[in-house]
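Visitor: Hints given; two lone chains; assemble the complex.
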Amino acid sequence: MRKELLTMPMHCLFAWGVLACAVGLLQGAALASTADHSQFKGLQQDFKSGSAVTKICLECHTKAAGEVMASKHWSWEWPDPHSKKMLGKQNVLTSFSLGIQSNNPVCSVCHVGYGWKDNNFDFTAQENVDCLVCHDTTGTYRKQSGMAGHPPVVAMEFPPGSGNVVKPVDLKEVAQNVGKSSRDNCGACHFYGGGGDGVKHGDLDSSLAAPEKDVDVHMNALGLDFSCTECHKTTRHQVAGSRYALTATDVHGALMRGSKDDRNPSTCQACHGNASHKLARLNRHADKLACQTCHIPQYARGGIATKLTWDWSAAGRKDKDGQPLVEKDANGHVVYDAKKGSFTYGENMVPDYFWFNGKVDHLTVSDKIDPTNSVPLNRFYGSPADGASRIWPFKVMRATQPYDKVHMTMLKAHTTGNDEDSYGKSFDWHKAVTRGMQDAGKPFSGQMGFVETEMSWPITHMVAPKEQALSCVACHGAESRLAKVPGIHLPGHHAHGWLDKLGWGLAWLTLLGVIVHGAGRAFTSRKGARK
Amino acid sequence: MKSHFSILSGITLGLLALSFAGEAADGDWKRGRVYYRFVCTDCHKGGSSEIPPNSRSMAEWKAYFQADKHEKGKTSLKYYVSKAFRESIKAKNQAAAKFIDVPEDQLMKDIEAFAIRGAKDGDAPATCN
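Order-wise, the sequence lines are chains A and B. Under my numbering, the letters of the first sequence match residues 1 to 531, in that order. Under my numbering, the letters of the second sequence match residues 1 to 129, in that order.
There may be inaccurate statements among the hints.
25 Å max Cα-Cα, derived PhoX-like pairs, lysine-lysine [claimed, not checked]:
#1 A:484 - A:213
#2 B:62 - A:180
#3 B:30 - A:233
#4 B:30 - A:213
#5 A:172 - B:30
#6 B:62 - A:167
#7 A:328 - B:45
#8 A:213 - B:98
#9 B:120 - A:167
#10 B:45 - A:213
#11 B:45 - B:90
#12 B:92 - A:213
#13 B:98 - A:180
#14 B:62 - A:172
#15 A:466 - B:90
#16 A:89 - A:72
#17 A:328 - B:62
#18 A:172 - B:120
#19 A:405 - A:431
#20 A:466 - B:120
#21 A:339 - A:318
#22 B:98 - A:466
#23 A:167 - B:30
#24 A:213 - B:120
Hints are computed from structural coordinates only; laboratory data are not their basis.
Same shape as in the complex, but just chain B (with noise of 0.2 Å):
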């Protein structure tokens, strides 16, 4: 019985496993997409503070996430996907309450999917509409 358990336990953890590195590996861009629109431009909108996602290059746009720095550098960018960003303002922004259980590495990565691919040289160029 022991082993039938081992077994069982070990292929759930396997495939356990394996659907977080496929959840991490990818971005959803859908995602992504709802968020930006939904809580970046929430702060970031009209005139020069807007910025859409084709106003940059993809490598641009890596860079810029890679670097993780918001107000050049006063604040961080994970934090603005953070569950403590997002709890302090879903009372009030629908995106934020909609997305309060998205691990944060997963919706960052969603949130990049979607600048990628609305960079200017990006799939799908995409303004902030």
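This is chain A alone, in the form it adopts within the complex (with noise of 0.2 Å):
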């Protein structure tokens, strides 16, 4: 045969090899993978959940639900080894959420796995991951909120008496359509995270998902069009780049290629390294600042709002027939929401400056609180002396949150659901707290009130084109962005009035008495001229 091809003539093998190139571009080009999940039989099957999938994933990708129970998308822990604390999704207090644990029906629309609805839930069991949720391609996989997890196999009438019919999902469609995660696929959570598109983070929404240059230089969808995974490198289901874990200064430099290094990928100096300005100068900013602080000017950029504010105090108010209230702004925004409070909203929000180092605090249900003042829900730690600091930018989450007056605690509640323990169906805090705690395993005094809270989340996506990266006086200026910052010095904002015109009286008298040495030097010279 290969003799047989060497003696064809000249035409016709390059005929045959065009057409063979031909076939393998379309071929790449459409299924983009080196499996055809459509032609397995396994998968040929009309399934009846989203377990019977994973068990089918699972005769070939024999390791994959291990790796993926090993990640905090599963166990929604994270031991902080500063702290020694266990924090993640169970752990930590958020304004967003009043705990998981009596809300997982709901909580675990986000979970990669099927049937976390109670404590009783089994970690252990593989067939519970969910494969499908960041492996779709189809755009089809959903999974319906108050179903712990589980996407709707069948149409369903869902909240029931709604009138609302949820489709089911294809998952035989879904199963035979698998591959490499998306922005779609991660997006599905972290776009919507808090309850909606873009509430929670303020840099993350559905404007990521096909968005213009001008909202993220990174994800252009015209442009470079990065996944998340670009910069999220992603070895045996492990993501990297968590908020838990972030990386506060890098200074290594670019990450080669390949490189066994165990470093966070996701830092900006992982790609650009740490001098990629053409000036100098620019660069030994970075010594103080991080590169979000310049090159993000604005978060929540993509069209679509953020949450700034949260009042769960204000829950329960009723119209005059007795219903509970919804009220929407000028903009389609839920300003009020009878079961969850009221609310304010942001767009092009300038973000907040803190020093930071890399060490985050969050605060758990176990933590003493102080309720004289705001409460942090987490604390970024920094300093301008330590060295390993720099300037980030941030959100700023502000809300008012129930507390145990006698425990000095923030308190969990459980808010969701049709029960009669239910905030939403009880609009009694005492129930609602009760079942929370109780169900989180803590103890709850009986007393309760509210209590200011902050939350800090840190912003490092929506870059903009470098084009519209800050300029000089949005710092350096008489109305500085770093102004409330401490341990700096801003040349051109930090301007005194005596150093002023101490200093512009030196130049006057130094110009002085160069005149008059110069004028002196001539009068001699032409004195001595003349002798």
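Guide: Structure, rendered in structure tokens:
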């Protein structure tokens, strides 16, 4: 055969080569994989549950479930090496949710598993791992809120009695079309954190699914078109770049492709290095500033508002007919919901700026609080003097939420569901908190109040094109963004009248001295010439 | 030798035909989304001229693409996906430039796939955003 190919007329060989290349390219473009999952017999069946699909996946991908089970996406726990506390979604508090334990059927819509409805969930059962939520390429897979992480497999009215019919997911179609995770997979949860589009993070919302260059220069749908995993490099289902383990300062420069280095690959420097500006003066700014500080001038820039405040204590109002009140603003944002409280939103927000050295502490319901001041739900450590800190941009979320007046701890509450303990049903905080703390296995004194809280969210997405990075005057002008950041002198901003007068005075005196000296020299030289 | 060459060519042509068939069978809704967002909404923006995918049902979108009528029949919908149209706007529209080599039929299927997916009764109702 090989000999015969060699003896083929050249034009035939060329034509064959062109055709073969065309086939290869087209097949490659169409499948983008070496396996066509629709050809697998195990996937040619009508699945009745997500777990049934997982069992088939694991017949070939034998280690995949074990790897997922070792991740935060599965356990929702993270042991913090600094504080030695167990963090993760199971343990930390946010302004957006009053704890997951008693709200699992709803929260599990974003768990990478099936069936986590209460504390009896089996974290060791591999068939409970949800492969499809991260690997669906059809865009039709979705988990239904309130179903403990399960996708609907039959048409159903949800919530019951609402008249809203939820379409079933064709699991066979989805299973036969699995592929690499895309922005749409990650975004299905991360764009909608906190209960709505863009609500939580401020720099993550659905505008990043197919963004313009102005919204994010890396994810620009018509340019670099980065998927999330371009930066959040994933090995054995462990996704790099968690907000629990941020790298505040990366001094190592660009990370070589294929390097076995175990440093965080999601930093800016991991691609751009530490001296990427043409101007040395700008590179020197990196000694004090995170890249994000100049290159993300505002967050929530994609036309989708982010929540800025949430007052849980305002919940419970009803209209004149006794129905729970829901109010929207002119832009259609829900600004009041009787089941949740009141909210404010913002777009194109200027971040707050703090020193940050990589150490973060998160509050849990076991930690004591001081209710006479606003309670920080997390704390980003840093100092101008430690050499390890950089000034970072943050979204600061402010809320009012329940605390225990006797134990001086924050409280979890059962806010979702249709049972009598749920705040959304009973509008009784005492019931909701009693159940929430009971499910969390924590004590509740029976006396509660509301306290103001603050939670900081680092801003690191929505990187603008370089032309839109902050200009010098944004920090060095009279109205400096960094005016409240301690420990730095900002030439141009930190001006002192007397110092300026002294400086100009010295400059004028110097000039006067030069003129007088020059005149003297001129006079004496003329005099000498006459002699 | 001739028989081997015939077999080789036959297999290759068969695979090529299959690959085209595969391409044409399904629309790439992600590519359709980008075209919809960056080309269609370049004109259809603001107020009543905006046509978000979730403003119509799946059946309405299917009928719309089937009818191939733009501006109530004044022009053909296919024209706005044609290579000639993309050539005419590629200097100022990056999406038209990016997809300049995508076959017209395929690109139409991509846009239809996105519109049906984003329909008000679709799998993921979508706005223009």
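Visitor: Hints first: check each against the structure and report whether it holds.
Guide: The hints, checked one at a time:
| no. | hint | verdict |
| --- | --- | --- |
| 1 | A:484 - A:213 | violated, 31 Å |
| 2 | B:62 - A:180 | violated, 29 Å |
| 3 | B:30 - A:233 | holds, 22 Å |
| 4 | B:30 - A:213 | holds, 17 Å |
| 5 | A:172 - B:30 | holds, 21 Å |
| 6 | B:62 - A:167 | holds, 19 Å |
| 7 | A:328 - B:45 | holds, 24 Å |
| 8 | A:213 - B:98 | holds, 14 Å |
| 9 | B:120 - A:167 | holds, 12 Å |
| 10 | B:45 - A:213 | holds, 18 Å |
| 11 | B:45 - B:90 | holds, 19 Å |
| 12 | B:92 - A:213 | holds, 14 Å |
| 13 | B:98 - A:180 | holds, 22 Å |
| 14 | B:62 - A:172 | holds, 24 Å |
| 15 | A:466 - B:90 | holds, 24 Å |
| 16 | A:89 - A:72 | holds, 9 Å |
| 17 | A:328 - B:62 | violated, 33 Å |
| 18 | A:172 - B:120 | holds, 23 Å |
| 19 | A:405 - A:431 | holds, 16 Å |
| 20 | A:466 - B:120 | violated, 38 Å |
| 21 | A:339 - A:318 | holds, 10 Å |
| 22 | B:98 - A:466 | holds, 22 Å |
| 23 | A:167 - B:30 | holds, 21 Å |
| 24 | A:213 - B:120 | violated, 28 Å |
The earlier numbered hints that this structure contradicts are 1, 2, 17, 20 and 24.
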